[in-house]
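Peer 1: The listed protein sequences derive, respectively, from chains A and B. Under this note's numbering, the first residue of the first sequence is numbered 1, with each subsequent residue one higher. Under this note's numbering, the first residue of the second sequence is numbered 1, with each subsequent residue one higher.
No wet-lab data here; the hints were simulated from the structure. It should be emphasised that the depicted structure is a prediction, and the values quoted were computed from it without experimental measurement. There may be inaccurate statements among the hints.
[What the hints assert, rightly or not] Simulated DEER-style distance windows between Cβ atoms:
| hint | chain 1 | residue 1 | chain 2 | residue 2 | range |
| --- | --- | --- | --- | --- | --- |
| 1 | A | Ala140 | B | Arg202 | 22 to 32 Å |
| 2 | B | Trp77 | A | Ala140 | 50 to 60 Å |
| 3 | B | Arg303 | A | Thr2 | 17 to 27 Å |
| 4 | B | Val191 | A | Tyr244 | 28 to 38 Å |
| 5 | A | Arg125 | B | Thr165 | 26 to 36 Å |
| 6 | B | Gly76 | A | Gly70 | 50 to 60 Å |
| 7 | A | Phe116 | B | Ser118 | 36 to 46 Å |
| 8 | A | Leu79 | B | Thr271 | 55 to 65 Å |
| 9 | B | Ala13 | A | Glu142 | 48 to 58 Å |
| 10 | A | Ala194 | B | Trp95 | 40 to 50 Å |
| 11 | B | Arg303 | A | Ser57 | 45 to 55 Å |
| 12 | B | Gly76 | A | Ala140 | 15 to 25 Å |
[Unchecked claim] Facing chain A, according to a computed beta carbon distance under 8 Å, are these residues of chain B, among others:
| hint | residue |
| --- | --- |
| 13 | Ser177 |
| 14 | Pro178 |
| 15 | Leu194 |
| 16 | Val198 |
| 17 | Thr200 |
| 18 | Lys306 |
[Unchecked claim] Some chain B residues flagged as far from chain A (calculated, every beta-carbon gap over 10 Å):
| hint | residue |
| --- | --- |
| 19 | Gln105 |
| 20 | Asn189 |
| 21 | Arg303 |
| 22 | Gln312 |
For every residue, glycine included, the Cβ atom is placed at its ideal position computed from N, Cα and C.
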Amino acid sequence: MTAVLEVANLRKSFGGIAAVDDVSFEVREGEILGIIGPNGSGKSTLFNCILGQLTPSSGEVRVDGKPTTGLRPCNLNRLGVSRTFQLLQVFPRLSVRDNLVLAGQEHQGSMTSRLFGRADAGLGRVADRMIDFFRLSHLAGEEAGALSYGQQKLLDAAMAFMAGPRLVLLDEPAGGVNLTMLGHLRERLEAYHAERNATFVVIEHQMEFVMALCTRVLVLAEGRIIAQGAPHEVRRDPAVIEAYLGH
Amino acid sequence: MIRPATIVLVAAAAIAVVAPFFLKPFGIYLISMWAVLTVAAIGLNLTIGYAGQVSLAQGAFVGIGAYTVALMTQAGWPYPLAFVAAGALCFAVGWILGYPALRVQHHYLAFVTLAFTSLVFLVLRNEEWLTGGTHGINGIARPVFFGWSTGKPLDFYFFSVGTLTVLSGAMWRMLRSPWGRAFVALRENPVRALSLGVDTRRYTLMAFAIGSSLGGLAGALYAPLVQFIEPGSFALGLSFNLLLMVIVGGSGYFFGPFVGALVAVLLPEWTRIAQGYYLLIYAALVMLMMAVCPSGLLGLAARAAKALARRQLPALRAEGAGR
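Looking at chain A on its own, in the form it has when it is part of the complex (with noise of 0.2 Å):
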């Protein structure tokens, strides 16, 4: 199978400190990586490196097979890379469809054709599916911003999927859900992942969502990867231990 995401000998130094130090690791087509690691390990900025937010200091980030190091997040997002974040991004002041609509339109046309064709941009039904497939049909017309946290969380990941894209990187999705929600959660990404064979990489805490979600776990601390491996073998290796529990 082919690598969707392929990183090369990633760095990225913080004054004197590699917060990512040498990271090197493949993700191919339908797989869904687990990246854990403790506080700091630097699982934040290797996601930044990757995603264009922030430019490594060396190494290289492929797509397909083609370098994406240096491209602007709005052109990686147009080669069918797309996220969600940690902390909440939803647009508070738009309604839950427009959201979704918002999260497919650019890739729709050009500039121009946007200004002059329809105000959903062709999307209202792809828009309408992916608020079924989430089960907020009856928050639909809602602002954003009056949405619950977990149901938000919810949107956040229907408006990265809005576009359909090939490879997802979700940053911490169960921060902060609780557990009815996260079990929701995890459901409908699982159902997504079987429709589509997309793949996914995510950054999480919570770890028996990461055991039961990924089918890979690579595990990272203090910039390096320590461990890699389906999550059961990972759950024991004295390495991660040592690293979570340590010093």
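Position chain B relative to chain A; hints supplied.
Peer 2: Same frame as chain A, now just chain B:
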């Protein structure tokens, strides 16, 4: 059922058509000024209210537009061409002014645009060979379209209001296209918008360029309305005044600039009896409103409508239960 907002809108449009027939020339001049300033405020509302980019430069664009039209028509160019040129020039200059907004935001951006306004004022005042310096430009003719002269106040009013109608219609259409959604996304959360493929850089520049171009078109109406322009009219005071119109009316509300410009044009006249104190009264009213309702008069109206609906709802329910 017809929505109350529609009724208000139709009534307002009817008043705008009928009112000038009952007004003296000075009254017609005032409502023409309202139409002209509304065009500029609509542009600023796009930049600030929808796209969230602070600008204290709108008055300068009105000046650039006014001088473009005055100079071109006096050099013998036809008015429609000068009108389009004023809009196009301000679009281009606005686009360039947008670049600092890609680097700085909020009060820093306010300072950059403020400096630009001072710069334009200095150019208008000092480049006498082109602008006539402090003497300004006199005797700007009102345009004639296919034999229809807009020389009389009533005719010029209908020309101004017609232009306002066309331009605000175009703005309405744009804000309802995907662009409108992208502008709001830029205001609400630029980082998230960028990650969803929204080219925030291009939309920021567009928000400045289109907003500024409306400032220029307002200037293209201003010059033949007043028929005399001088640099002082386009100094910082006008930019602040336009900003105030957007905020007082309701920033980010489509009809906010219409209401804000009306307040800005009429209030000084109504408080004229208070003579020198009228600015004081205006300032006090603005401060009071910002404290009570920062979302402006239309924000206040929206809040009142919501409260009213909430009060009516239980009453309706009780009625239903009684049946």
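Peer 1: Each of the hints needs a verdict: does it hold here or not?
Peer 2: Against the structure, the hints come out as follows:
Checking the proposed 22 to 32 Å range against alanine 140 of chain A and arginine 202 of chain B shows it holds: the Cβ atoms sit about 29 Å from each other. A hinted range of 50 to 60 Å for the beta carbons of tryptophan 77 of chain B and alanine 140 of chain A is consistent with their spacing of about 53 Å. Between arginine 303 of chain B and threonine 2 of chain A the CB atoms are about 56 Å apart, so this pair departs from the stated range of 17 to 27 Å. Look at valine 191 of chain B against tyrosine 244 of chain A: about 30 Å separates their beta carbons, and that is inside 28 to 38 Å.
Remark: the range hint 26 to 36 Å for arginine 125 of chain A to threonine 165 of chain B is upheld by a beta-carbon distance near 34 Å. Taken as a hint, the range 50 to 60 Å holds for the pair glycine 76 of chain B and glycine 70 of chain A, whose Cβ atoms sit roughly 52 Å apart. Hint check: phenylalanine 116 of chain A to serine 118 of chain B, Cβ distance near 38 Å, so the stated range 36 to 46 Å holds. At roughly 59 Å, the beta-carbon separation of leucine 79 of chain A and threonine 271 of chain B lies within the given 55 to 65 Å, and the hint holds.
Take alanine 13 of chain B and glutamate 142 of chain A: their Cβ atoms lie about 32 Å apart, and the range 48 to 58 Å is violated. Between alanine 194 of chain A and tryptophan 95 of chain B, the C-beta spacing of about 47 Å keeps the proposed range 40 to 50 Å intact. Remark: the range hint 45 to 55 Å for arginine 303 of chain B to serine 57 of chain A is upheld by a beta-carbon distance near 51 Å. Range check, glycine 76 of chain B to alanine 140 of chain A: Cβ separation about 58 Å, and the 15 to 25 Å hint is violated.
Given hint, serine 177 of chain B at the interface with chain A, holds; its Cβ is 5 Å from that chain's nearest Cβ, closer than 8 Å. With a cut of 8 Å, the hint placing proline 178 of chain B at the interface with chain A holds, because the nearest CB-to-CB distance is about 4 Å. Interface restraint check for leucine 194 of chain B: the shortest CB-CB distance to chain A comes to about 5 Å, inside 8 Å, so the restraint holds. Annotation: interface hint on valine 198 of chain B holds; nearest CB of chain A at approximately 5 Å, less than 8 Å.
The beta carbon of threonine 200 of chain B comes within 7 Å of a beta carbon in chain A, closer than 8 Å, and the hint placing it at the interface holds. The closest approach between the C-beta of lysine 306 of chain B and any C-beta of chain A is roughly 13 Å, which is over the 8 Å cut-off, so the hint fails. Consistency note on glutamine 105 of chain B: stated as away from chain A, and its beta-carbon is indeed over 10 Å from all of that chain's, at 17 Å minimum. Look at asparagine 189 of chain B: its CB is around 6 Å from the nearest CB on chain A, not clear of 10 Å, so calling it non-interface is violated.
The claim that arginine 303 of chain B is not at the interface with chain A holds, since no C-beta of that chain comes within 10 Å of its own (minimum 15 Å). Interface exclusion of glutamine 312 of chain B from chain A stands, the closest Cβ pair being 20 Å apart, more than 10 Å.
Comparing the model with each earlier hint shows violations of hints 3, 9, 12, 18 and 20; every other hint is respected.
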